[in-house]
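> This is what each chain is made of:
Number of protein chains: 6
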Amino acid sequence: MTLSKLPEIMIEPCVRAALLEDLGRAGDITSDAIIDPAATATVALAAREPGVIAGLDFSRIAFRLIDPAITLRIHLDDGTKVAPGDVIAHITGPARGILTAERVALNFLGHFSGIATATAAIAASIAHTKAKITCTRKTTPGLRFAEKYAVRAGGGANHRFGLDDAILIKDNHIAIAGGIAPAISRARERIGHLVKIEVEVDTLEQLEEALAHQPDAILLDNMTPATLREAVRLIAGRAITEASGRITAQTAPEIAETGIDLLSAGWLTHSARVLDIGLDFVGVS
Amino acid sequence: MTLSKLPEIMIEPCVRAALLEDLGRAGDITSDAIIDPAATATVALAAREPGVIAGLDFSRIAFRLIDPAITLRIHLDDGTKVAPGDVIAHITGPARGILTAERVALNFLGHFSGIATATAAIAASIAHTKAKITCTRKTTPGLRFAEKYAVRAGGGANHRFGLDDAILIKDNHIAIAGGIAPAISRARERIGHLVKIEVEVDTLEQLEEALAHQPDAILLDNMTPATLREAVRLIAGRAITEASGRITAQTAPEIAETGIDLLSAGWLTHSARVLDIGLDFVGVS
Amino acid sequence: MTLSKLPEIMIEPCVRAALLEDLGRAGDITSDAIIDPAATATVALAAREPGVIAGLDFSRIAFRLIDPAITLRIHLDDGTKVAPGDVIAHITGPARGILTAERVALNFLGHFSGIATATAAIAASIAHTKAKITCTRKTTPGLRFAEKYAVRAGGGANHRFGLDDAILIKDNHIAIAGGIAPAISRARERIGHLVKIEVEVDTLEQLEEALAHQPDAILLDNMTPATLREAVRLIAGRAITEASGRITAQTAPEIAETGIDLLSAGWLTHSARVLDIGLDFVGVS
Amino acid sequence: MTLSKLPEIMIEPCVRAALLEDLGRAGDITSDAIIDPAATATVALAAREPGVIAGLDFSRIAFRLIDPAITLRIHLDDGTKVAPGDVIAHITGPARGILTAERVALNFLGHFSGIATATAAIAASIAHTKAKITCTRKTTPGLRFAEKYAVRAGGGANHRFGLDDAILIKDNHIAIAGGIAPAISRARERIGHLVKIEVEVDTLEQLEEALAHQPDAILLDNMTPATLREAVRLIAGRAITEASGRITAQTAPEIAETGIDLLSAGWLTHSARVLDIGLDFVGVS
Amino acid sequence: MTLSKLPEIMIEPCVRAALLEDLGRAGDITSDAIIDPAATATVALAAREPGVIAGLDFSRIAFRLIDPAITLRIHLDDGTKVAPGDVIAHITGPARGILTAERVALNFLGHFSGIATATAAIAASIAHTKAKITCTRKTTPGLRFAEKYAVRAGGGANHRFGLDDAILIKDNHIAIAGGIAPAISRARERIGHLVKIEVEVDTLEQLEEALAHQPDAILLDNMTPATLREAVRLIAGRAITEASGRITAQTAPEIAETGIDLLSAGWLTHSARVLDIGLDFVGVS
Amino acid sequence: MTLSKLPEIMIEPCVRAALLEDLGRAGDITSDAIIDPAATATVALAAREPGVIAGLDFSRIAFRLIDPAITLRIHLDDGTKVAPGDVIAHITGPARGILTAERVALNFLGHFSGIATATAAIAASIAHTKAKITCTRKTTPGLRFAEKYAVRAGGGANHRFGLDDAILIKDNHIAIAGGIAPAISRARERIGHLVKIEVEVDTLEQLEEALAHQPDAILLDNMTPATLREAVRLIAGRAITEASGRITAQTAPEIAETGIDLLSAGWLTHSARVLDIGLDFVGVS
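Chains as they are written, first to last, in this note's numbering: chain B, 0 to 284; chain Z, 0 to 284; chain S, 0 to 284; chain D, 0 to 284; chain U, 0 to 284; chain G, 0 to 284.
One or more of the hints may lead you astray.
Said to hold, decoys possible - Taking lysine-lysine and the DSBU-like style, the derived pairs with C-alpha atoms no more than 35 angstroms apart in a straight line are:
1) D:Lys169 x U:Lys129
2) Z:Lys4 x G:Lys169
3) B:Lys129 x B:Lys80
4) B:Lys169 x S:Lys131
5) G:Lys129 x Z:Lys80
6) Z:Lys169 x G:Lys129
7) G:Lys131 x G:Lys4
8) G:Lys131 x Z:Lys169
9) G:Lys169 x U:Lys4
10) B:Lys4 x S:Lys169
11) G:Lys80 x G:Lys129
12) D:Lys4 x D:Lys169
13) S:Lys4 x D:Lys169
14) D:Lys4 x S:Lys169
15) G:Lys169 x D:Lys4
16) B:Lys169 x Z:Lys169
17) Z:Lys169 x B:Lys4
To be verified - Distance ranges between label pairs, derived from CB positions:
18) B:Glu207 x U:Ala37: 55 to 61 angstroms
19) G:Gly282 x D:Val283: 45 to 51 angstroms
20) D:Pro36 x B:Asp279: 28 to 34 angstroms
21) D:Pro67 x B:Glu229: 50 to 56 angstroms
Hints are computed from structural coordinates only; laboratory data are not their basis. Here the structure is a predicted model, which means the values were calculated and not measured. Glycine included, every Cβ here is placed at the ideal spot set by N, Cα and C.
Put together the whole structure using the sequences plus the hints.
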């Protein structure tokens, strides 16, 4: 399965804003003062720890927006596993521009690679099952489209991209709507024909109530593996099954082995540690 | 020391963009389908784990932008320590709007509170020294101003906000500029009178070279406590001292006890785990 | 079934841009020159022809953005049928502001009401069947979210909001992908669990090929009622059925009576005639 | 008379926004899943009905923004008459990008060509007179500059572009200002030396009152051909004359033959049916 | 003649951008550090030199955007003459916010008042003639609409607001078009009926050529008073007359006395000295 | 000392906005009507008076954004002294585009060159001393980063770029904070380690109070040369010294000879006269 790249038109405004945030009103006063404008250099973008990379286009565009004379030779692309010391790309061009764009390029790459790495770890831990790992809407404001891409780069699946692309009926909806049954039926009569309905349930009793109204998917929240297994048995293929709550590379295998379709984890996008990637000076060029 | 709030004019565009990202083109189709537009509710914004809160204005504005009829009674403000179960605020108003704004409000609050919590943990661990904990430019693109605020809310100090508000001469600058001496002297002759110069050094030899050119601050990168102690002795108050590299609540005390002025940690802003804060249904109101 | 209003946060930027487009660099030079700034007036927003109104919030916000002292008493809300002469709202306040905002307020209201009216006409013509009328992605650039809302106000259903919220495999996709079978199976293995797949077919042969791969929905393009009836029989409830091509209030009933689930018409959003709504001077107030 | 093209700087933001509206947060999930990223194709942009084309630059830029590797060979440019089957351009390049940009490219082209076609029909119907057809400010919010261009592409003339580029005194202005005389004289004393004044009149009595104050142009609203002829006689070249109300290709000739200078029709920009233009697969290339 | 205020919707984005430019990423670190958040103050906005004020709405909105609790009592409005020491407004509210908004509020007010003052000086010097003073398109990028307003506040008239609201044929146009005659006739056949044509001429020979083609206005560039007088005589009311080149309060009377209609001066908007207006501390309140 | 250029990413949005402001909704109707689209021309960008140029990149980008086929051969770059008649650049390409971009290109170039020229005049007048001339935050809203650059191009130094990059304690801060001592000490305990503190004093008494709290810099406001000399003596190198108030090329030498480090003048950015630079037609090319 190949990873589809994001169109540049979606990436560029994001990179542009980050560069302007960093340049402020005076620009890179350190490089401007110290570095000869004619100096050129080659640097290596290198992994400092094992992981999976994601977001190279963000870095590439950061360098280009600062100086189109900077070129990248990309050796390892998004979705690739890296080991410490692996050179992801060589970057050559005006030294000033390279130094000016460095931090923004790394901030994006480290952040998205961190997400891909965390996703890949869980994906690997459940590779012996049919289950997939998926993310949530617990994303960093402004970066959702890209964080979801990073999850895909790590081998994960995507959940909803927003409030508007699927129905997800959660505990508070049920409480206010007066129950699972009215919630699902009201949803069904109002939505478009390409919209699916998922319902969150906390107990097997809620599950039975939900099943009676034929949702497309059921989110089994914070259940033990034993309960999950029983839930999967009860559902019997009538809905896609998703388990959430405390999913880590340690807990994932046991959960996946219950026969569940999906494991979802908010922390992939909101709390994954960045992947340590650095820029090493190779030489003047 | 009171924490100064960010002006709303800086916060609002950020919250507005996050809400539009989540609403997409069809809005909150779940709440729209299920929740009676006349229903009102009260929910409690409550901590699920211990930490320090930051970013309440982002949450408050998220609810207001979705529906000005939603009101918040804030019980615990930014910078406050919370224990699991502590109610930070009660939110009352149209149920639909509360549910629509919930995720964005929590995404901001959890993210900034996570940073404040991580900062506060280190700050507490070095409270017996004169040292302060500070952040870096390794921030989430688009959120730097707010993540820096979260660091302040956690009791930390702020480093540079961008490439333009201070000179920071790092290893790659030195390599390309041809040494510490030319780097500092070129910087000094070009910068404004309110701009300070900091130099990164990796060894005591580099430190001595740097000291000869009187930088305002010296970043001692990845040194052992013993070397740091020696560096502080050599500097002897002639420059502000900053230690970086592997700063955690565990390692911080020993580093701080070397007499260093500042400990800096990029992970505070790029890898702090979000603080788990949730919205609990209290009742229809 | 109540119509859910769009959140103001989605509407306001759109209205703001339209007002600035009309004000240009010099503002409303006619009203500024002619109308006493102290003059106040009451005008009636009245239908000049029968139809269904949609977009009143756009008009209301246009008046408010020009002058918050202008107030609207809304008598008939979005989704309501109107007859010629029906007064939709009375608008009272500074005369200058009312005249300045008039054209933008009417441009939005007429456009969206035109869409709602066209939709309602078809909806009425097929009310004796289970079929619903739906729109497409053939919308006016920049106004999709609002035109989709207008379709809902007219009693229609919404199709995809963009390229990203469902899979729709069309003739060109099939030609390039090398057939319906590979297209559907590649789609299924890559998409999220809340994403549905619809396939466009032009013939009953294609339909059989598609059915073998279990799409969620099938778009039957440009078929005669007889062929549609046969297609519906073949599908036998295994997929949602949608008919497209030359749908008008005249042709719709016969198509709907084939047992189809949905009729889709691009012209609802790209070619519906505006509804004639005007602003009548009532008096100085 | 050659048609002047709009500068790209005016077009591009509009196309960019439309593409982002369609891509949403996940991009073109259909093409990404189904189409081999290495596949290339040639498609033909072809008219499906007779008309006049306008807006090719919008389509061209849409393809370029999605993928600069896509090239267009344009055979027929804006302002050209087309017959069903006429190939307007051939488009060659990566198949994914062509499919992704298709809908937006067609939405612009169909909309503007629809306006040009409607304008051209009326222009042709009055070609034996000196009269010209012109549009109004009843345009689609956000697209006024482009819809006015489409009118020019169809051989029409442009009226005001906004509230700020000419004085147009309408019925409500007259009612609130207290008459035609004070309205015109106040306007004249306040406006710049390059601003013209037009007044709307409904009757020959109003016309005489207006003529006494020497407006540059007079809008004769909803008058019969006989009354228009009398009005033109009374004006006797002292002002430009414009007729509005129910202008169609059927009614236009009789109105134009009254000797009027301009016929104006709001529906050209707000209610013209799109011109049916499609993208036909030619082959892999 | 009353001065019409600019709609807030035109002003606010401009003020918002200026505040964000000044706040940067850390906000007002001086006031935040020093001023008690509970402190309130009253300050007086006072003229320090004689002039005419313009732009008070920009200042008022600056304070409001920083803190809505700040209130202004405006004593002297736009267009008013002030003497040194005159208090234009009293400003009361949270001291922090007042100090934070101060510089932006004064930058706008000083700049626009400087333009109004320069305009008023020339207007006064030619008040004994029928001539008016007008500005040009030589404005500060981004502020044209507001600088044109400032000219009106000073009693001046406005020339074109952009390239699109009138035809102005200048020397380079004539050189490239191949003469005045073809230039005017091509313009006339292409433009809308509400667009005027002005031609720039440098000599009386050019003037005669221009007059033969009946432009609406003639710009007499850099002519001596004697030549201007002759030009006015030749034109004999057949076109509006405008004199440009070296217009100051000293030279204006002699030029105005030639019978010219308009004097235009680019320096009013690009080089007028700001009017010195300051904020004086009145007391804590 | 070489002048560092601003990154294009900072310049382009500014130029783009200015072009769109000038193009309005109809574009350059004069050139469109008169100039043959195939006509090409060469023009010379020439100084009409002596000065120092700044902002050529803004002009270059203006031409490129209007038509990439326009090329510039730049003979004299930013920071260069020019005499009347000096040709700064030759511009060749489509005549229409050159005429369309002309005014915006000149507005930027004239404005920034005016600032550079004014700065250079003062810099020259104090070249025999160690003092430098610096600007303030009294800048044109939206153009601060560029006006600061123009000051550098003229040989001046930059003061604060905003409220957030240094502490500057002014008279109103002192009044509200209750004195110089509490103001400085509160500032010191709250700010980051790379932030400097400057205090404004009006008298020698205030100076002594300030010195006791060791600010990094002292702004001596509106003092006579004699008092300044005494202040410099008192400070004795313990802080950077800045003199403000009535700084002109005439007064600067006497002030600079007091031994002061910096002279600051707000008028450099808010009231410098534009440098007269024009576009001369060279020929069709």
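> Starting from D:Lys4, check that the Cα of S:Lys169 is at most 35 angstroms away, please.
33 angstroms, holds
> Does the structure keep B:Lys129 and B:Lys80 at a Cα separation of 35 angstroms or less?
Holds, at about 22 angstroms.
> Just to be careful, I want the Cα atoms of G:Lys129 and Z:Lys80 compared with a cutoff of 35 angstroms; is the pair within it?
Distance of about 53 angstroms is beyond 35 angstroms: violated.
> Holds or violated: S:Lys4 with D:Lys169, Cα cutoff 35 angstroms?
33 angstroms, holds
> Decide if the proposed pair is consistent with the structure: G:Lys80 and G:Lys129, CA atoms, cutoff 35 angstroms inclusive.
22 angstroms, holds
> Is it true that the CA of B:Lys169 sits at most 35 angstroms from the CA of Z:Lys169?
49 angstroms, violated
> Sort out whether S:Lys131 lies within 35 angstroms of B:Lys169, counting only the CA atoms.
Since the Cα atoms of B:Lys169 and S:Lys131 sit roughly 28 angstroms apart, the hinted pair holds (cutoff 35 angstroms).
> Regarding G:Gly282 and D:Val283, is the given constraint of 45 to 51 angstroms on their beta-carbon distance met?
Distance hint for G:Gly282, D:Val283 holds at roughly 50 angstroms.
> Checking one constraint from the list: CA of G:Lys131 to CA of G:Lys4, max 35 angstroms. Satisfied?
21 angstroms, holds
> Do the alpha carbons of D:Lys169 and U:Lys129 lie within 35 angstroms of each other, as the hint requires?
30 angstroms, holds
> Sort out whether D:Lys169 lies within 35 angstroms of D:Lys4, counting only the CA atoms.
Judged against 35 angstroms, a Cα distance of about 32 angstroms means the pair holds.
> Mind checking the alpha carbons of B:Lys4 and S:Lys169 for me, to see if they're no more than 35 angstroms apart?
With a Cα-Cα distance of about 22 angstroms, the restraint between B:Lys4 and S:Lys169 holds, given a limit of 35 angstroms.
In the structure shown, a violation is registered for the earlier hints numbered 5, 15 and 16, in ascending order.
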